[in-house]
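The residues making up each chain are set out below.
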Amino acid sequence: MHSLSRRLLVSVSVPLALFFGVMMWVLDTGFRALSERSLQELLDSQMVSLIASAEPQPDGSYAPTPQTLDPRLATPRSGFYAEVRSQQHLWRSPSTAGLAADFGALLTHGERNLVYASFGHEGVAIESRAIQFDEDPSGANALTFSVAVNLSPYEEQLWDFRQQLLGWFAGLMVLLLLTLAALLRWVLAPLRRMEREIRAVEEGRNDTLGRGYPRELSGVAVNLNALLVGERKRVARYRDTLGNLAHSLKTPLAVMRSSLPGAGSDAVLGAEIDRMRDIIEHQLKRAAASGGALLGQAPVEVAQVATDLRGALLRVYADKDLAIELAVAPTAQFVGDRGDLMELLGNLLDNACKWCRSRVRLSAGADVTAGPRERLSLVIEDDGPGISAEDRARVLQRGERADESVPGHGLGLAMVHDTVDLYGGRLAIDTSAMGGARFSLRLPGL
Amino acid sequence: MRVLVVEDEATLRDTLQARLAEAGFTVDVARDGNEGLFAGQEYPLDVAIIDLGLPGLPGLEVIRRLRVAHKTYPILILTSRDNWQDKVEGLQAGADDYVAKPFHFEEVLARLQALLRRAGGWATPQLKCGPVVLDTRAQTIQVQGVPVELTTFEYRILEHLMLRAGDVISKTELTERLYDQDFERDSNVIEVLVGRLRRKLDPQEQLHPIETLRGRGYRFALPRDASS
Chain A
42 MHSLSRRLLV SVSVPLALFF GVMMWVLDTG FRALSERSLQ ELLDSQMVSL IASAEPQPDG
102 SYAPTPQTLD PRLATPRSGF YAEVRSQQHL WRSPSTAGLA ADFGALLTHG ERNLVYASFG
162 HEGVAIESRA IQFDEDPSGA NALTFSVAVN LSPYEEQLWD FRQQLLGWFA GLMVLLLLTL
222 AALLRWVLAP LRRMEREIRA VEEGRNDTLG RGYPRELSGV AVNLNALLVG ERKRVARYRD
282 TLGNLAHSLK TPLAVMRSSL PGAGSDAVLG AEIDRMRDII EHQLKRAAAS GGALLGQAPV
342 EVAQVATDLR GALLRVYADK DLAIELAVAP TAQFVGDRGD LMELLGNLLD NACKWCRSRV
402 RLSAGADVTA GPRERLSLVI EDDGPGISAE DRARVLQRGE RADESVPGHG LGLAMVHDTV
462 DLYGGRLAID TSAMGGARFS LRLPGL
Chain B
-4 MRVLVVEDEA TLRDTLQARL AEAGFTVDVA RDGNEGLFAG QEYPLDVAII DLGLPGLPGL
56 EVIRRLRVAH KTYPILILTS RDNWQDKVEG LQAGADDYVA KPFHFEEVLA RLQALLRRAG
116 GWATPQLKCG PVVLDTRAQT IQVQGVPVEL TTFEYRILEH LMLRAGDVIS KTELTERLYD
176 QDFERDSNVI EVLVGRLRRK LDPQEQLHPI ETLRGRGYRF ALPRDASS
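Order-wise, the sequence lines are chains A and B.
Count the first sequence with the working numbering and you get residues 42 to 487, in order.
Count the second sequence with the working numbering and you get residues -4 to 223, in order.
Read the hints as simulated data drawn from the structure, not as lab findings.
Where is the CB? At the ideal position from N, CA and C, for every residue including glycine.
Keep in mind that a hint or two might mislead.
[Said to hold, decoys possible] Computed list of lysine-lysine pairs in DSS-like fashion (alpha-carbon distance at most 30 Å, straight line):
1. A:K395 / A:K361
2. A:K395 / B:K66
3. B:K66 / B:K195
4. B:K195 / B:K166
5. A:K361 / B:K195
[What the hints assert, rightly or not] Simulated DEER-style distance windows between Cβ atoms:
6. B:P50 / A:L45: 54 to 62 Å
7. A:Q324 / B:R191: 20 to 28 Å
8. B:P142 / A:D360: 54 to 62 Å
9. B:A64 / A:T348: 47 to 55 Å
10. B:G19 / A:L367: 56 to 64 Å
11. B:G19 / A:R467: 48 to 56 Å
12. A:R237 / B:E102: 35 to 43 Å
13. B:P50 / A:Q324: 22 to 30 Å
14. B:V141 / A:A308: 29 to 37 Å
15. B:E102 / A:Q324: 16 to 24 Å
16. A:L463 / B:P120: 37 to 45 Å
17. B:V141 / A:Q324: 51 to 59 Å
18. A:D462 / B:V141: 53 to 61 Å
19. B:V187 / A:K361: 55 to 63 Å
[As the list claims (entries may be wrong)] Covered stretches of chain B, going by a simulated chain A footprint (3 or more residues, C-beta under 8 Å):
20. 4 to 14
21. 99 to 109
22. 191 to 205
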């Protein structure tokens, strides 16, 4: 039951079906009582006319004269049947011809009954009445008058009625449910719109929810927008503060550093200044790395970031005969902060440029079969000396430098490691087919 | 070599100025973006160091405007926000390299020298023209494998000429790049220095490393080694 409209439809259709069922039962019972009464009346009138038309016959039996006989009783298989019976005599209406008619047992004086039976395949209602005429006080000549009526027209009528009832009720119910569904659609449309807009915000196609929600939802939409904007502002302010903190700490450090007379006497001081710089660098960057996409933040095109970095690095390494190959699929998109991706790729590409002989390659693509946190695949490789197995783990440690002669090497990679962790991604180092180190990253993608 | 330092932090600016001068540069300084832009446009510079976080005109804008004004000398940026976004923006604006604060002065110096070398079309710190080898890092000269002692000014002139070996460099340019604005501009001094340089490099007068082009200036005439 995860859908409001399904809940509502089910909770409405069950009582509705119950109501219609009871209605059908009540109507059906009423209709049956009505038709039984009319049957009774028909049988009664037939009985009266049969008794009235019965005349004593020369042979001592009683029978209606053919002239006064109801024409329906004269026609074979008409559906109307009659019998006059005594212990000695039996008269049956011509309509019973060829029919295995059985009107039941003889009755004693004053008795009357109504039974349902069948003449062959024909269902009938039989009314019988025992009458003793005054001329025969012995009672031996008691007559049993019976009239029978074929029930099939009544049954057909009843079935017709039931069918119609069922048809109408079912139709009505379907109509009601459809109306309800349409109504729900209309009523819930703003909710669906909100769902759509939230998804757009999540995927970064929009930055806030739109306007024009009904009163009941507009509060939710407004608050959600406020939350989105507030969160974005908060993160921006947080980063700005961290950036300013780093800036204001590093400038005095730069002053101290540059005031030291060359190498030698103040080597300890210099080393401590470097350590402070590294700590500031590492901790502040770590704190500023968001580790997730903010709602309403568009996914980052890897190609754009890679192209920018490539241009920058080619400038920096202009005196190295360097080729940076980019094999970035247009589907390669990073769900996260642009700055974080820039740091990751910047550090890894810079590192590769430092170490390579002449070639650096970045491959990026989307792997839709992977989990959402590992959908973006980034591979950075070079043709340099590579990283030995024991250095690989060490290289990822904070501030550890695999080669002290290349400044900033360790810090950058530790930063990469931390950021990948924050995003719940994966980082692996091995050897590239090009000969040097290969860094394989998995990060949240589309 | 004449360098412009645009840095708002006074202590840092002063130390940079002092240590660059010590390393043989002629140093101009500017305290903010507007001053920096003016100096960058007006002075005959070889290279500039520009802090990105400047009051007045931001560093990025200074770089952009210098490039728009067709100033082609290399620019090194100083950044305290050590993130790639800033570096990329700086490099896209027209800078050539960056150094993150706080830096070792030696690193700034190495980057400056590399930029100057690169601007002159050299790939390595050793400038080799036939038998004459100048090491920009150690600031030493060897001719046919024998070290030659030069004074600071002699070295500066030779470095300037060799970095742009093959190009004609006027006396005015040499004077401007080697001395501060207020230094008395007497082209005779350059002539004297070049003369002494010739005698030190080529005592036997066989190599003729420095040509004089009358009315135009000087040219380092020995061909660059193909390997460098």
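Okay, the hints, checked on the actual structure:
1. A:K395 / A:K361: 9 Å, holds
2. A:K395 / B:K66: Within the cut-off at roughly 29 Å; holds.
3. B:K66 / B:K195: 35 Å, violated
4. B:K195 / B:K166: 20 Å, holds
5. A:K361 / B:K195: 34 Å, violated
6. B:P50 / A:L45: 54 to 62 Å: 59 Å, holds
7. A:Q324 / B:R191: 20 to 28 Å: 55 Å, violated
8. B:P142 / A:D360: 54 to 62 Å: 26 Å, violated
9. B:A64 / A:T348: 47 to 55 Å: Violated: the Cβ-Cβ distance is about 27 Å, outside 47 to 55 Å.
10. B:G19 / A:L367: 56 to 64 Å: With a Cβ separation near 40 Å, B:G19 and A:L367 fall outside 56 to 64 Å, so the hint is violated.
11. B:G19 / A:R467: 48 to 56 Å: At 50 Å between Cβs, range holds.
12. A:R237 / B:E102: 35 to 43 Å: 54 Å, violated
13. B:P50 / A:Q324: 22 to 30 Å: Once the Cβ atoms are compared, 28 Å apart, the range 22 to 30 Å for A:Q324 and B:P50 holds.
14. B:V141 / A:A308: 29 to 37 Å: The hinted range 29 to 37 Å holds for B:V141 and A:A308, with Cβ atoms some 35 Å apart.
15. B:E102 / A:Q324: 16 to 24 Å: 22 Å, holds
16. A:L463 / B:P120: 37 to 45 Å: Holds, at about 40 Å.
17. B:V141 / A:Q324: 51 to 59 Å: Because 53 Å falls inside the window, the suggested range holds.
18. A:D462 / B:V141: 53 to 61 Å: 58 Å, holds
19. B:V187 / A:K361: 55 to 63 Å: Roughly 40 Å apart at Cβ, these two residues miss the hinted range, so it is violated.
20. 4 to 14: Holds: 6 residues of the stretch 4 to 14 of chain B have a Cβ under 8 Å from chain A.
21. 99 to 109: holds (count 5)
22. 191 to 205: violated (count 0)
Against the hints set out earlier in the document, violations occur for numbers 3, 5, 7, 8, 9, 10, 12, 19 and 22.
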